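**Q** So you can see what is in the structure, the chains are spelled out below.
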Amino acid sequence: MAAQVMKPGRKLDERYLARQRWARAAWVYGAMLALAVFFIGPFYVAYLGSLKDNPLEWPFRYSFAQTQPKNWAAAWRLGQLGASNPWTGGFAPGANIPFQVSYFVEDGQEPQTPVVTVPTRRAGAGLGAIFDEVQAAQYARVSEVQEVGRRSAVVGGQPGQIVTYSFTIAYEGQGPRAPRLPLDIEAPRGQVYYSATLDPNRLERRGRVASWDSAAPGLLGYAFRNYVRVFNEARDPNTGASFFLRWTLNTFLVCVAVVLTTLLFASLAGYALARMYFPGKNYLFAFVVFTMTVPAQAIFISNYLVLRDLGLLSSLWGMVVWSAVGAGAVFIMKQFFESIPREIEEAALIDGASPITTFFRIIIPMATPALGALTILTFQGMWNEFFKAAVVLSGQQGNYTLPLGLSFFRNAYGVAGDWGLMLASAFLSMIPIIILFVVFQRYFVEGVSTSALKG
Amino acid sequence: MLRSQRIEALYALLFLAPFLIHLGVFFVFAFVRTLGFSFTDKTLIGQSYQIVGFANFIQLFQDPRFIAALTHSISFMLIVTTLQTFLALSMAAILNQRLRGITFFRTVYYIPSVLSSAAVTVIAIWFFQKTGFLNTFIGWIGSVAPVLLTFVAIFVLAQAVQVAWERIRGLPVALTDPALATISLAVGLALTWLLAALGVVVPREAQPPEFTWLTNSDRFLGVPIPLWSIIMLNTFTTIPTLMLIFLAGLQDIPKSIYEAAAIDGASPLQQFFSVTVPMLRPVTFLVITLSLIGTLQMFDQVALMGDAAPLDSIIVLAYYVYNNVFSGEGRVGLASAAAIILAALTFAIVLLQRALGISEKAH
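Keeping their order, the protein sequence lines are chains E and X. All letters in the first sequence, in the order written, are residues 0 to 454 by numbering that gives the first Met the number 0. All letters in the second sequence, in the order written, are residues 0 to 362 by numbering that gives the first Met the number 0.
Chain X extracted, bound-state conformation:
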């Protein structure tokens, strides 16, 4: 190595020193130590401890609470990722337009993502209370359902009649023709208003809310209702971030491909599935990975729920680890074993993504 190179390497080490020390203590050492603890019976208060081999891992899989945490974490991860990806992609597709004021809307949608999870969770717990706003809203939808359904029926009918009429006249219009839909909307609103004013269609009496979101012991699709509440909350707050990533990806797709598809007679829906979805595959991949890793770490929402929901119905891996360290005598050994499983799950996802990512590029 040349002398100048050696000096440069020394300077690089100097520049990197604070970061490397931090990384060494709070990541490398931390990881190795956690791995070590997971084979011992160390507690937070006890001074000495012994190596117990795989006893902690065996004990974990005999603990019903750990099994609950593991299944919750995995189902939470899969459900939230699926919901987020679909919703974020469809929202990004709507927002990917060159229209005036679109930046303003993008900014507005991002607000739930920048606010602190603690504040948002407090608001969400209020939202999910028995007489909170969610039940109020559901009750309101139920009471105006007759009016809403009338409107939808008139709208669909008006659209069908118009499309049929235009086609008879020889104009090849799509079922979703936006200009005709605007007229249908006006007709629907006017007729519904008239029927409501005449008293033909009236809202029903609003029912008091019955559904409990947080203290419910029922399950839906095998997942406890309180966890569904957290799923809804988490999806709501993270969609905007993923949507922005999708938007950035959408804007990298050349316009000419769409134009070529349009000349070939592809409808907007066909364009979406045969141009947008394949071109967006790398970004989708990234979004799914980010979402899988992010949802596995979910902690704040569960911790803030506190006694608002029974712990066994919302506990996830991250909270299981925390709870074991900071309750009772502080079972560090057991908690470390659970932490290692959490880390292993994360590694598995990253490796899976790497493996699939390479084959992706080969095609």
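So that you can see chain E by itself, here it is in the shape it has in the complex:
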């Protein structure tokens, strides 16, 4: 419209159009980048949260003690000094750990030596609290705290000086290895924590009291403290076995079993529906497609009772039996078998081979791509299956799968607000699927768009 009103002026030349194309591409890339931030950003900030001592801290910080290389190096070294274990640390006989801490003292106040203690502290607030743990406090001897230096500095607009103290913690005599070396340092009023060999996990009373979960944590024990806690603290009260490892194993077993049954049964059924003649075939297929729309939540009551009568409740077998073969998998295999040429199997059938031989010798080897895609989709679906697990497995915690385990953690740790452990377990449970996704992303993306469009 506007163009017609205007006087005929310059023409749209080539250079102008090229410039426009480039600019449009730049805007599209910008939009894609913004969308990537939208979809990945929440996971990134939650990951940062899972590393923190207090994931709900306000204001939110993107850079904190656990993300600083200085602390990683210190944690590594301290872990080595504490128990010759730079990864997860500890406190073992023969340990002699030097430690330094600095305080800011305003001008006009005389610095006083802080009090260093190795407290007796139980692990966590949740499941771990019921286990007796070797306490480092029984064996640790803290040397005399000595002042090693002073320098003047201005902190927060206040002139004053920074005073550094030094001490060592030694393991006295012989004894068992303690998993952690908790440490509290309390300074007199007016002295504010400034820095230390290793930044503390908590600062209380306006920076007067600094406390460490472990003064010899090791790299993982410090930077991935919550992740280590998932394995160490959440244990079965009866057997002492790590819940999380057990759940991971359970989920793997269920996934592998369901993948195997699905591959076999779905390709058999899909082949029959695609290639064989029998009366009522089209009605059966229409019915199969229809069953895909009915939600499992609408018909689970009878399935629950059936599994109860079979004695399969609270058992992984219950999950496997219920999920053995799905209508969706049959549908995918039928679509695939219809897409391969008939001639090959006809040749085999003319040679006198039975349908069973033909199927296993000729059809299955040709179906590897479809079976691969089905494996991945089934594995992913089972790994994430929450509803069936909630129906079949509830009660016996040792038999949980990961999604149900996460829900159990949410109830066990949610009250205490222990978000570090909950977030860490959520991220740990995602790792296998992320690996699968990175390796086989093509199957995921193509599987969704093609199977949905045909359906």
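Because the hints were derived from the structure by calculation, they are not lab data. It is possible that some hints are incorrect.
Below, computed lysine to aspartate or glutamate pairings styled on EDC-like, alpha-carbon distance capped at 16 Å [unchecked claim]:
(1) E/K280 to E/E337
(2) X/K129 to E/E56
(3) X/K129 to E/E337
(4) E/K280 to X/E7
(5) X/K129 to X/E209
(6) E/K69 to E/D198
Computed spacing ranges between beta-carbons, pair by pair [said to hold, decoys possible]:
(7) E/A25 to X/D306: 40 to 50 Å
(8) E/P58 to X/K254: 41 to 51 Å
(9) E/R201 to X/T214: 24 to 34 Å
(10) X/V107 to E/Y61: 46 to 56 Å
(11) X/A354 to E/R14: 48 to 58 Å
(12) X/V107 to E/P58: 35 to 45 Å
As the structure is a prediction and not an experimental result, all values here were calculated from the model. For glycine and all other residues, C-beta sits at the position ideal for the given N, C-alpha and C.
Given chain E, work out where chain X should sit, using these hints.
**A** Same frame as chain E, but now just chain X:
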């Protein structure tokens, strides 16, 4: 029937047997039994039960919690489907370009859809906490709002000035001309940075978060705030799947139609509404149906919320059924009646889609 045909039918039955047995037990039998239970007063612990006719259905509609679950399910379904379809379609339209690296981005966007709903929900509950990241982010937007608004104002002004200038010179440029917009962006960034550096426009002090997402008893548009949180979560995790379906559909539209439209002088926006939207109607139909059925089944998010949010503000049909079976004495009869209503809603949607789908093809 010929002998060979009969043998083939027998083999087919053999091949189908495991699947048919599974389907028979876990679908047909299950459905019939649920339907049967819905007319009885069966409980999970009790041995005997009696037929009570429609008493369960009458009782359901007198239960305020069921009414809440039903209204939540339906509003959840309608809101999420609307949001998802619009957002997924606009995202697919942006991504439907032949540019280098676009496959990489598509893969990245798909990540929220492949992760387990349990893990994502745990992360989301953290996100929605009072001092969680969502409030932090809203607080941050609020504090930098003056700077952002300055930037937007300068950007719009710069674009308007440039477009006006080009038009005076006789060049028919669109208001959204991308090349000019790039210059406007640079001008906007530079001037905003300058104003901020000079202290003319400064961010406000960040306010501590006040809004509670999960323990809130307020309603927005008649839907409880905690349910809105789940709506946001569900939309976020399912957009990528629907977007991929739209993308596959977009790529089936012949390029020549767009070229013809462009020659006729249609702007990109006009092309979108007069070519893309009508050509994409079958796919849109599919996406809407998938989304309606999928949202009606929503269970995981509600179950994982647990006591993070009051149950009556987030309960949906699927959870109502589950909750009635697995709490107290296990009212199987009542739960079955609710399950039948859930199934009936699903059937209604499928039938509606079939009915509309046929008329769609006739046109």
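**Q** Are there hints from earlier that the structure breaks, and if so, what are their numbers?
**A** 3, 10, 12
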